[in-house]
Amino acid sequence: MTRQRRVVVTSPQTRVALARRRLGHTALPPHLAPGDLERARRIHREQLRWALVAVALLCAVIVGIPLLLAAFPGLDDVRVFGVPLSWLAVGVLPYPLLIALSRWQLRRAERIERAP
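In short: position in the sequence shown from 1, add 1, done, that's this note's numbering.
If a hint is listed, it holds; no wrong ones were tucked in.
Now the in silico label distances, taken between C-beta atoms and shown as ranges:
{"id": "1", "residue 1": "Ala57", "residue 2": "Leu33", "range": "22 to 32 Å"}
{"id": "2", "residue 1": "Tyr96", "residue 2": "Ala57", "range": "13 to 23 Å"}
{"id": "3", "residue 1": "Ile66", "residue 2": "Ile44", "range": "30 to 40 Å"}
{"id": "4", "residue 1": "Pro35", "residue 2": "Leu98", "range": "38 to 48 Å"}
{"id": "5", "residue 1": "Ala52", "residue 2": "Pro117", "range": "14 to 24 Å"}
{"id": "6", "residue 1": "Pro97", "residue 2": "Phe73", "range": "16 to 26 Å"}
Just so you know, these hints were derived from the structure itself, not from any lab.
Just so it is clear, the structure is predicted and the values come from calculations on it, not from any experiment.
For each residue, glycine too, the CB sits at the ideal point set by N, CA and C.
Using the sequences plus the hints, can you model the full thing?
What follows is the structure, encoded as structure tokens:
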């Protein structure tokens, strides 16, 4: 049985990108008009501010649930469907909160981008 020669298949765009890298070309950032540049900076500042708020809320959820359970050890005795409430609070409760937080953050970011 004869072996077929293996062939490397690449996209033409990949070849161009590799050639540019070998030649040392670097991509230049896009140049914006002064009005667009100021708007981009404003959007960046506002989105960063709201992202930090979202991260603070995320930390409050992640740290707050165990602290709440430590403050109220009686919650270990409460059972829901045979599972301790503390397990549900750590294993189930954060996920709907994280989904709600991510949707809130996404809506805020999109609203900032749409603002004039």
